[in-house]
Each structure stands twice: as C-alpha cells, then as structure tokens.
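**Student:** Each chain is listed here by its residues.
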Amino acid sequence: MNRRRVVITGMGAVTPLGNDVATTWRRLLAGESGVGPITLFDASTFPTRIAGEVKGLDASRWNTNGRSGIGRHSLFALAAADEAVKDAKLPKFAEPERFGLYFGAGDGGFDFAEYAAVLSASVNGDSSVKPELYRKKSLESISRSEVLEQEPAQVVNHLAHAFGVGGFVSNTLTACAASSQAIGEAAELIRGGHADVMLSGGSHSMIHPLGVAGFNLLTALSTRNDEPLRASRPFDKERDGFVLSEGAGVVVLEELEHAKARGAKIYAELAGYGTSADAFRLTDPHPEGRGAIQAIRLALADAELAPERIGYVNAHGTSTQLNDQIETAAVKKVFGDAARKTPVSSIKSMLGHMIAAAGAVEVIACIQTIREGVIPPTLNYENPDPACDLDYVPNRAREARVDAVLSNSFGFGGQNVALVVRRYE
Amino acid sequence: MKRRVAITGLGAVTAAGEGHAALWKAALEGRSLAGPLPIEADGWNPIGAAVPDFEPEKFVTQRKSLKVMARDIQLAVAAASLAADDSGVRTASIPRERFGVIVGAGVLNHELDELAYSVLQSLGDDGRLDLKKFGTEGLPALFPLWLLKYLPNMPACHVSILLDLQGPNNTITTGASSGLQAVCEAARMIQRGSADAMLAGGAESKLNPLGLSHYEILGVLARSSDAYRPFDARSGGLVVGEGAGFLVLEEFEHAKARGATVYAEITGCGVAPSGFPGRAMRLAIRESGVKAADFDYLQASGIGIAEEDRREAEAIEATLGESRDLCVAVSKNVTGFTGFSAGALDLIISSLALKNQEIPPVPGGAPTGCRYGFKLSETSVKKKIRHALTNAHGMNGQCVSVATRAAEDAR
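Residue numbers (the numbering used here), protein chains in the order written: chain R, 1 to 425; chain Z, 1 to 411.
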C-alpha cells in the first residue's frame, strides 16, 4: 500500500507585517521590516526597546460571549485559524475524530503590573514573600481566566471549541521549533491514518516585560534600538542578536485523497519531516551542528529528495552569531557542492522572531514561494561574514521556479526540526 | 509488519519516595500520602503530597546545572534516570539518534523571592511598579539565566543532555493529560519507525504558594485529604501532589532481542479534546483490536472534581459496560493530583498491576451517593488481568487513554 500523502489546503497568518497571509506575503516580497519601537509596555530603559508587534488586529469577535480575558496569543491563534479554515472551506465531518489539531502555542503572558502589586504587597519587612499574604493578595486580584490563559493548553482548548475539532488534540512547546514540530507531527498523524484533516501551526507573544528581560539577560536580543528596521540581520557580519516578535501561523493539512475527493484547492505537499536533539548544552547549539544536520537529513530522506532537488532553503536564520554560523555549516555539510547553488534566506530579517509561531509562518512563506515563483529576501544583508558564505538572497526578492523547499527550525535547548514542502502536481 | 511497543522501564519520584517499588507499595496500601506542607504561614495550613527528602544531587552531578533547574526539572531528571536504570538501556547498544525523549510539561512556577527582590527594586514613589525602574534596577537584579530555569521545554532538554538522547525530542503541554499524552506520542514515534527507544513521562511541582494559589483560584482544592474522594458525590475537590513519572518504551523485538524485562505492551492510544473522555477510550480500545468486554481493569483518572468524575464515570459505563469483570482503580488520592505527571504515574501503576497481576484498591473504598455500574474495591484484587486501560483527563486538559496488555499475553 502506498503511503498516505499530506497536502496543505488552507493558510492563515497574523504577523507584524499584516494580519493575513496576503498582506504578510506582499510585504515580505517588498523587503519591508515589521520591527519598531516597543509600544506594548514602557521599555524605554530596557537594554532592548524594539520588537515586531502585531498591529490593528480586530479581535472583538473572539472576546464576546463571556470569553473576555482571552490572552493575546490565543487571539492571534483564533484569528489565523479562522483565516485558514475559511480558506480551506472545510466540510462538516461525519466522524468528528477524523479532524484533529496539533498546535505549537507558547505560554501566555500575564499582567506584570498587577502581579508586581501582589508580590510587593506580600513582602513583610525583609525581601522575602510571606506565603499567607501572597495567597490572600493573589486570590483578591488574579482571576480564573488569567490563570488558565498562562497555560499553552488553553490555546488548543479555544481552537478545538471554536472550530469543532473532534479528534486528536495536542500542543508542543519546543521553544523556537514548536510550530514546525507541530506541523511535522500533524502530518505524521495523517500519514499514520489517525486523522484525515489536521489544523496546525503556532502562536506566541513574549513581548512583555519578563519576556524581554529574560532574553536580555541571556544577551540573546539585538540592542540596535536606534535602527529598528535594520536590527534583524541574519547572516550579516554585524548581526547582534535576534529581534523578538509575535503572531500566529496556521495551516490546514489534509490527506491527499480526502482533499481531492472534496475538490479542495491544493497549495503544496508536506513531503518531509525530520526531528532530532543536540543533547549538547542548554544555551549553545552543537558546534558542528550535529543535531541540525541529522534533522535536515531525516527530512530529505523522508521526502525522498536529494539535496540538489531543493530549490530554496528557508533558514532558521535568527540573526544571532552562533545560529547563523552553525546553520550555514549544517546546510553545507548536508548539501555539499549543491550548497552554494541553493538560495537560502531568512524571513526573520523582516518579521523578527515569533518564537513558537515562527516555523508555521515560515512554512507558509515556503508554500507561497512554490506557488508564485518568488523567493523572499534576507533583509539587511550587507556585510559578508566569512563563516556565512552562501547565497542569502540579499535584500531583494528573487524570481525563480522552485519545486521543493527545506525549512529549518532550531529550538533553544537543542530541538531541531526540518520540513520539506514540495510542489503538488 | 506493524512495529509494536513494549514498556521496559519505570521511574517514579512521588510522595512515596524514589522508585516505582515505593509507588506500587503505597498504591497497594491505598492510603493518602498527603499531609501538612512545610510552608510557613500564619492562618494558612495548606496540605499536599510532597516528595520527602528529595536529593537532586544524586541525579545531577554538575552543581552548575542544578542552579538552572526548577524543581519540576529536577524531578523529571530523577525519574527519567530511574527509568533508564530500570530498563537497562544505559548499557544497551542503542544508536543515540534512535533514542529520544518526550516530556509532558507546562508553565513551571518561578520562586517568588527571586522575582520579588527584583520587583522591590522597581517600585516608584507611589509604591507601584515603575517599568522605567524595572529596566534599570529590577532587570539586572534577576538571575541571568532566569528564563532558562522555567522554560517548559527545559525538562526534555536536560534529560536529553544527561542521557545523550539525540533522537526525537518533544514537550507536550496539554495540562493534566500531558504526561500520558507524551507516552502516546512516544509510542507513535516507535510505531512509525522514527525511534527504537523513547523515554516518556511528565513532571510537576506546584506545592508552592504560587501553584497552590493558582489551584485555589481555579476553585478545585479540597480542604483535607479525607475530602479528596474520586467518583464520590461528596468529593470536596483535589489534594495537590508533586512528582515525576517516566517510562522507557522500546520497539518490541528490540526489547526481546536484548532480553529486557517487559512490564506490558502498549496496544492502543486514544486522544480527544477536553470533555470527550469516552471518545478517547473508544479510540484506544479500537486500536488495540481487543473487545471492550475483554478489558479486566481500568486505572481511572478520577480527578476528584465532581463534574469531571461524573463525565468519566458515564464514559466508563458507555465504553466498558460490557466487561462483566471490570475492576476500576483510582490512585490520585494516594499520590495527590500531580498535574503534568499524573497520567504517566497512573500508567506506571497500571503497568505494575499487569506485571504483578494485582489491582490496587480505591482509597476510601466504594463512593457514596452514586450508583455507577462498575466496581471500585476497597482492598486490592488479585485476579487474571490481560487487558488494561489507563485514563488521563480533567482540569482543562485533553482526554487521553492508553490500552496495554500483560507481557505474557504479548509474546
């Protein structure tokens, strides 16, 4: 029996460049940056004062019917999923368990000012928190929905409820690899016969005081505060860290025959998935890219494609010193001579790093590249770095017929995911 | 031919202590391990089932690493190490890229004093948080690796580093079902050929003022350990426990070839959205290929929240009603409700039940005020057990069921 094949039949996105796929894609091709000064809170004294924020999302419809207090990342997920589900024109399912959800939602934010008030009121005399006071203050001021929204599980609860998902439901949180891993695992569930249609992708917002502070303390963020548009510069010699951003990307994955039978439009095929762990260090990738190489090889083998058949690599490309250097080395190791002939770009140069949501939006960019024959650029690539010596499609989108794309995502802590998206004919 | 999945190692760290033997003994005795918590508080006397005398140094030799591990992570590493030892996989020749780990986790609680110190540096003249001051005074006062200590994917990262597991690595964050769901997804990895061995399980420690307050805000806390009565209409809510449970899953032929002890075989996994326990059970039963009537034993979720238990009880009657000899066990009021690890610990208990052919009792015995069509025994039951089902759901999590069969029936 032939293996069940998985195709993409719907897409939705909420990003710093636009609150749908079309706007985001148009601005990516125009080489625009979604990075600007942080407006979600007063970051004026933080080491990093810039981020890629989602602007102007009308989420009022999700906050009605007693659903007030839905978290920012849940709203992004609901809006992007709504676009994807409508795009796919999903039918009603006779067997609800054939429609599943595998998401990569991040943790929710919380009201830091309110929480600080609880903490400071719980301290009595010295600087240690008195448990009884803390309990009393938090019971007075923190609501049930605030507690629930902090858990990533709540995002999938909202999604399952809103879109009538009746089958397998899961959420992965493997840091920056989460939504790519969600898409890979969702595809495997369809291949394994456990579902016919899966909603997948991810959503996240860490643009809150503790998120920015946490990454600042790890010295992971760019501090190019005076030039926000030029701050995210993957593979450029002057890169100084990633730019935090937020949003959601959602795809509808469907078993090929199921999609054909209902006359769905098919955007592309999800042809390969590879996952691995560095098992090396918490903060640093393996120096030779051991885990990254393994994930890429597994994804290519899964898609039954030689590296020469890959027409474009959508890089993880975070704009940190180590990632970009080691990702380059990993691509060169797997692709050999073909590496220099293969265009590689990072759309994080324009979108910033959406953390858990990044991979899903990148998969959407891969699909669009195949459909429209245009490769999005790496913005701000100006100064060659000897350690990064591939064709990074600098600054201007490039027309090219692309039949297969590799998309890399590497999580903080060593989880690696590679996906292969192929033209469906 | 379909690849089969054997359970070849068990590791538990619970209020009963370290190791699956301690957990099994406590489950058979069927008494609550909860007691007053050593939280200094005037007028607040929280109860919980804490891990006694936990020594993370035994499992993490690098002191530097311990500093970046929240207690949940330390418990995860300990239970994963114990499971690896139990299965003998440390010395078995398994290619490292064919061996992975999946952890059920979620938001990890930070230590209040750590953040409070930073917040106190950041208060304005009006006594409220001043973000400008936070940027200059509060932020530098935080532990530099603060974020790393609490990221949900860190338990899986530490386990992969400690045991050199270069295969698939995932972190499942679906609330109370996370731990059992991690096991399901690890089983799928082995079935589809992505790995030959997997560590899977979960860990949670919320016996701190932050975690206990959150449970109280959600309105689910029982006032005493006697009040925690699963399936009982008079249940006063749940008692929180802490702990970690991990299982080594292994491709069946692989396990047999190296002469590993097989506790049980995983024959089916069912996952459904929150509120659909019956569907999860039916999917697991269907995949197992076993008739519902042939299931001898269910390790129920029995979370102790009346509405959720009623839903689970109805699902049990609807899916396993044909099984005349069905014996239902609940162990949550032994270990306390251990959140992300609860389902994994229940699967450890049901694996030991299959191995020992003995079903643990329901502490407190048959509930009052309800008339369910299934047996809950106050004493442990020795009988022939061939097929078992283990449930995990509730507390806003998804519904997960795992079907297993006794190793001697699995040859």
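No lab work stands behind these hints, which were simulated from the structure alone. There may be inaccurate statements among the hints.
Short derived list, chain Z residues pointing at chain R, Cβ under 8 Å [what the hints assert, rightly or not]:
1. Ala70
2. Asn169
3. Arg279
4. Val381
In this text the structure is predicted, and so the values were computed from the model without any measurement. For every residue, glycine included, the Cβ atom is placed at its ideal position computed from N, Cα and C.
**Student:** So, for every hint listed, does it hold in this structure?
**Tutor:** Hints versus structure:
1. Ala70: violated (13 Å)
2. Asn169: holds (4 Å)
3. Arg279: For Z/Arg279, the interface hint holds, since the closest Cβ of chain R sits about 6 Å away, which is under 8 Å.
4. Val381: Hint violated; Z/Val381 Cβ to chain R Cβ min 33 Å, cut 8 Å.
Hints 1, 4 from the earlier list are contradicted by this structure; the remaining hints agree with it.
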